[in-house]
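Student: One-letter residues, chain by chain:
Number of protein chains: 2
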Amino acid sequence: MGMMDGIDVLVSEVGPRDGLQSIKPVMPTAAKLAWIDALVEAGVREIEVGSFVPAHLLPQLADTPEVVRAVKAKHPGLHVAVLVPNAKGAEAAIAAGADKLTLPLSASETHSLKNLRRTHEQVFGEVARIVELLSALPAERRPQFEGAVSTAFGCTLEGEVPEAKVVALAERLIALGCDEVGLSDTSGYANPAQVRRLVKAVHAAIGPERMTGLHLHNTRGLGLANVVAGLDVGVTTFDSSQGGLGGCPFAPGASGNIVTEDLVFMLEAMGLRTGIDPEGLARARAVLAEALPGEPLYGFVPDAGLPLGFRRAA
Amino acid sequence: MGMMDGIDVLVSEVGPRDGLQSIKPVMPTAAKLAWIDALVEAGVREIEVGSFVPAHLLPQLADTPEVVRAVKAKHPGLHVAVLVPNAKGAEAAIAAGADKLTLPLSASETHSLKNLRRTHEQVFGEVARIVELLSALPAERRPQFEGAVSTAFGCTLEGEVPEAKVVALAERLIALGCDEVGLSDTSGYANPAQVRRLVKAVHAAIGPERMTGLHLHNTRGLGLANVVAGLDVGVTTFDSSQGGLGGCPFAPGASGNIVTEDLVFMLEAMGLRTGIDPEGLARARAVLAEALPGEPLYGFVPDAGLPLGFRRAA
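Same order as they appear, the protein sequences are chains A and B. Take 309 as the starting number for the first sequence in my numbering and just add one per residue. Take 309 as the starting number for the second sequence in my numbering and just add one per residue.
So here's chain A without its partners, still in its complex pose:
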């Protein structure tokens, strides 16, 4: 995907999709674009800008086609990712010019039925149709296609999710033609030992180059600890959301997504290059805060500031 030029870790910003879909206010398109501009200015290389779901289900993301087109036109170097729940969504995403399609598949079938209203087999059917769509495209217009295994570390409905099940789903997604598989800790259940174990198992099954990304939540405060565990076993892409946007407002501090500001600080302090400037992130946060007055934003580094004498990774 060419995203790793000059960086060690890819921080994939999911706020404009995962964050905005979780809050009540609908951010105007112009405000989304201004926020994305500021993120790009800070050095963010990949942004999930929206989701191709029916507009009546997620009015917050109804402008996704427009956002994709505008962002692609303005920032040709940016890797523009979108969520697609099915082949119909993928078709629209391809038409808009997205660089990466992510299709969620919930390891917990109970969760899959509740969330996507589909069994695993039905989701696999959509995957196959998307692969067909993609193979009809010329190589230079073909977006990357990731199967994202959600509830991979446990499920609020089913509890423990067997590792063998996650591995089998990852194998199936690759066999059907996904370029890669990501693992999502949707419920914030993961712990560092489990992250190391499950990533290793998936790597052994499908090859490390096919599973490079983790989507971690900070629900129980273990988000960055799980990042460290992921780094240890060769994960190079981490999703995060600016300000932890989409966190649960009735539980202070109990954000959903890990916070981009804290993640970037940690990685850069560890000597891992993200390409992202923490000061630039602070400016993007101000743009976001102005567009969403009253919406709580999370993060420790934004409150505490950078350490005296802090230097980014060289």
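Some clues are possibly wrong.
A pair counts as met if it fits within one copy or between any two copies, since identical chains are not told apart.
[Said to hold, decoys possible] Okay, derived cross-link-like pairs now, DMTMM-like style, lysine to aspartate or glutamate, Cα gap no bigger than 25 Å in a straight line: (1) K508 <-> E471; (2) K508 <-> D540; (3) K508 <-> D316; (4) K380 <-> E471; (5) K508 <-> E448; (6) K396 <-> D316; (7) K332 <-> E468; (8) K382 <-> E468; (9) K382 <-> D407; (10) K332 <-> D585; (11) K508 <-> D487; (12) K332 <-> E429.
For the record, the hints were derived by calculation from the structure and aren't laboratory data.
Place chain B on chain A using the hints.
Tutor: Quick look at chain B alone, frame taken from chain A:
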């Protein structure tokens, strides 16, 4: 110290000292004892119950001698730790019957002068006097003596603290007769790469058995990530504070000490036995909250709850 019987990691609760000294209200002695009772009931093996500093400097901890005596009488199996700033404090701590004395030494001399009003050499003088006091005691009455190197990972006044300086201070403390050395991230500057590097360097200099404990802060959200790094290099004792007590009330989420509830959850979820029951911790938190009405308590697990199907380490 016999504390590691049947457990893999020692969680050393510092709330009654480090937490209570950082907040305005003075908790009545009876309330402290009720809180400590609840912590012991939850399975906590070591608690720092106070500090032997002049009462006018820290009225919150003026009852430390009384607390030590009462706790030792009621919980003979508990490892009762106290902070001592100097030989005079150590004498009083020994008289009260403390099991462990911790003397802070700030790696940053600027911080040492501001905080303890002593140069490094003056602190070493106190260490030597304490070692003398201790060697006069019969072995069975001799408390453990730890030199705690604070600002070991950076200082808000000096910025970066050279690792060679921390190593040299650790060597000096051991040469003077400390039983062991701890490292404290007083300023919340540490990152996981640095934790691994510095702990390894200190281990190489004084032996791993002489440096087993880390005191980490969560100021920038990296507290538990740094715990994971510490575990990787053989650290087996971590300080934490229930509810992150002593956190900074004007910066939501920006707690000081790492939160005991979150730490215990992470360790137990990773399969590391702490001896501590998360449900028991929740009961102790309720005791604490009742004793300190209006005081903010932190932590993610207390808000989010334990995962469905959660099991402690076997």
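Student: None of the hints should be skipped; say for each whether it holds.
Tutor: So, going through the hints one by one against the coordinates:
no., hint, verdict
1, K508 <-> E471, "within (11 Å within a copy, 33 Å between copies)"
2, K508 <-> D540, "both (10 Å within a copy, 17 Å between copies)"
3, K508 <-> D316, "both (20 Å within a copy, 24 Å between copies)"
4, K380 <-> E471, "neither (38 Å within a copy, 46 Å between copies)"
5, K508 <-> E448, "neither (32 Å within a copy, 48 Å between copies)"
6, K396 <-> D316, "neither (35 Å within a copy, 52 Å between copies)"
7, K332 <-> E468, "neither (31 Å within a copy, 43 Å between copies)"
8, K382 <-> E468, "neither (44 Å within a copy, 40 Å between copies)"
9, K382 <-> D407, "within (14 Å within a copy, 65 Å between copies)"
10, K332 <-> D585, "neither (29 Å within a copy, 38 Å between copies)"
11, K508 <-> D487, "within (18 Å within a copy, 40 Å between copies)"
12, K332 <-> E429, "neither (32 Å within a copy, 59 Å between copies)"
Violated hints, listed in ascending order, are 4, 5, 6, 7, 8, 10 and 12; each of the other numbered hints is respected by the structure.
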